[in-house]
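Engineer: For the protein sequence lines, the chains are A, B, C and D, in the order given. Just so you know, we're using this note's numbering here: the first sequence kicks off at 608 and counts up by one. Just so you know, we're using this note's numbering here: the second sequence kicks off at 608 and counts up by one. Just so you know, we're using this note's numbering here: the third sequence kicks off at 608 and counts up by one. Just so you know, we're using this note's numbering here: the fourth sequence kicks off at 608 and counts up by one.
Hints are computed from structural coordinates only; laboratory data are not their basis. Some clues are possibly wrong.
A pair counts as met if it fits within one copy or between any two copies, since identical chains are not told apart.
[To be verified] When the alpha-carbon atoms are kept at most 27 Å apart in a straight line, the in silico DSSO-like pairs for lysine-lysine are as follows: (1) K756 x K614; (2) K745 x K614; (3) K614 x K635; (4) K756 x K635.
Next come the chains, spelled out residue by residue.
Number of protein chains: 4
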Amino acid sequence: MPLIIGKSRIEALSDGVFAIAMTLLVLKLEVPAVMHHSSDEAMLQELLEMTPVFMTYVVTFMIAGGFWFLHQLTFHFIRQVDSVLVWINVIFLMLVSLLPFSCGLMSHLLVHPVTQLFYYGNQLAIAILLNIHWQYAKRAGLIQGSESKDMFVLTFRAGQTVAVFAACLITALWVPIFSWVPIPVILLGGLIVEWSRRGS
Amino acid sequence: MPLIIGKSRIEALSDGVFAIAMTLLVLKLEVPAVMHHSSDEAMLQELLEMTPVFMTYVVTFMIAGGFWFLHQLTFHFIRQVDSVLVWINVIFLMLVSLLPFSCGLMSHLLVHPVTQLFYYGNQLAIAILLNIHWQYAKRAGLIQGSESKDMFVLTFRAGQTVAVFAACLITALWVPIFSWVPIPVILLGGLIVEWSRRGS
Amino acid sequence: MPLIIGKSRIEALSDGVFAIAMTLLVLKLEVPAVMHHSSDEAMLQELLEMTPVFMTYVVTFMIAGGFWFLHQLTFHFIRQVDSVLVWINVIFLMLVSLLPFSCGLMSHLLVHPVTQLFYYGNQLAIAILLNIHWQYAKRAGLIQGSESKDMFVLTFRAGQTVAVFAACLITALWVPIFSWVPIPVILLGGLIVEWSRRGS
Amino acid sequence: MPLIIGKSRIEALSDGVFAIAMTLLVLKLEVPAVMHHSSDEAMLQELLEMTPVFMTYVVTFMIAGGFWFLHQLTFHFIRQVDSVLVWINVIFLMLVSLLPFSCGLMSHLLVHPVTQLFYYGNQLAIAILLNIHWQYAKRAGLIQGSESKDMFVLTFRAGQTVAVFAACLITALWVPIFSWVPIPVILLGGLIVEWSRRGS
């Protein structure tokens, strides 16, 4: 169907899938079943042992928030959608809704290479689909107005996500314990750029 | 109540139910509990053994995405709703929200005839309700403008889904192992038609 | 805060809670864990034994759909909301989101009086809150235009839900096995009235 | 990106995360598995033993509803968002989606000091982020119109939530059994103020 339709419904489905996938992450945080009648120290200990699980939760939530933000920004420029773009988005959302599984795998075995390859592979696949979505929208003439500086920045940011998770994947193959490094580096880098841009 | 009301709320409920049903599919992917301390090979093996579960996940997500797309397209033409259409949609959404159960059943016993009958039965029921919804909307005069070529294509597509899942059901009765065949055939067929139409 | 605000956000939260509560009902349908390697007959048998669970699922989904429909219709007439109406709605939604628990309780022990009292008690509480919500909105002058025939029908319908579930509760106390009767009687009655009205 | 964008998408994500987090609370209410064939008294007993779990459910749902209400009110005044505000909101929503875990922890061990510190710590963190969000929006000029009396009341209310949960946290350290007291006191206080304001 070469039908050109409005974008509000695919936006609503995306917001729904992101909100659910992000909130389901918390189901991986299981309340320790055996903590009844424990002393304060034993209980604090149990919660502290959950630190890697909490860290994975926080990191995955923030990454998903970042993908949601970039995806939402593309729709700031997209005027309308066609069926090809809808299908690209369905695949994109399928990969997003896989995040609670990847996150669960990761929080069980934080520095296992197979776990990390699966986790970063999922993130990389999301990043690639985000770029396919954005490039297709631009080439199929579904964009509002002409190429602007804001659009260029967005294209750069979307491309950056591929670089981040490809870097994580490669790092995971060699030094699994430092595979997280590219993420905070880029996130902090992005925020610094943000603030310096606001200042100028 | 012969009351004619706006369509935005039933659209929002539909997007919500679809988003949740599609995202809950992932809960059927359980992180193997016994994978601690396993060697890389053992762990890869465990993930590879999940292949049928992943395949069922991907296929069910894509089918649900397809139903969402067709359902959303009908609302592109529907101007307003009455209470009969709302109730048809509630039954439609009930069948959609049954998908995580059907998918879970399927991913446990991929080639079992009873499982397959239940799974394709669920999909067929969704397809039938989609057609009832669309036919009712057209006959009750809830459509915007007159019958167009786009509407005809949509009617054809909606009818096609009934054919696909009836074909799957019948195949499942005789050769369960090939019961999937009608789905990719139609999906790929649809995409090819899509692209050839864009070309002409 | 005597602040009068727009209604779109409370509508969105309501659609979200309803969509999720309705879709979570399916999590009560557990895929029988021990069905591997069973014969076709054994497996059919296992699915057939789930009949009361399926019935509870279908009935609860349809009731929730009905409450959603009535709640949505009130917002067809409500122009704006104040903070009292928001809090009435938060309590209403809390009772709606309790449905997966009531439904799970019911599907375990279908004809147990305690189960039934809890289940119908939950539905009755939802019905009462729906009426408080609607009466408050009318009295606080949050309604669009003057009292119409459509609004009168809606008031009657909302009142009817209290009658239905009060009847179910009382029946459950004496003949638990027939406690369902008031629901289909009213649902079918409503549909018949619907169609006869359309005809006249 | 100093890009100023519309607020509808972040509102939709917020409504989604709140609706899901609030509805997931119910998953902590587990249907007692061993209640088959019990006498009426034994079953009533089992449900009564769930009282602390129900109380935690009700209180957490109402608190979440309150945060949703205040967050939604800020967007009544916010005209548009920038990327900093989006990230503040992503962190805010991460803390909101942690509520089902905190609530599950609390309902297991109601008067345990470690549990309570975690629970009130979560609520306090949400309250603090709400204030950062609101203060940032006001200072970055993302507000519609000038500072009004309604905005002042909202600022006061948002600040109040920090006071409530800081008070709960401190009480929990000394008399865990009375740590709930500040919440109903403030909630009832708020409602009384509400009604007296409506009267004048």
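Engineer: If a hint holds in the structure, say so; if it does not, say that too.
Structural biologist: Hints, one by one, checked against the model:
1. K756 x K614: The answer is both: 23 Å in one copy and 21 Å across copies each meet 27 Å.
2. K745 x K614: both (15 Å within a copy, 23 Å between copies)
3. K614 x K635: neither (33 Å within a copy, 30 Å between copies)
4. K756 x K635: neither (41 Å within a copy, 43 Å between copies)
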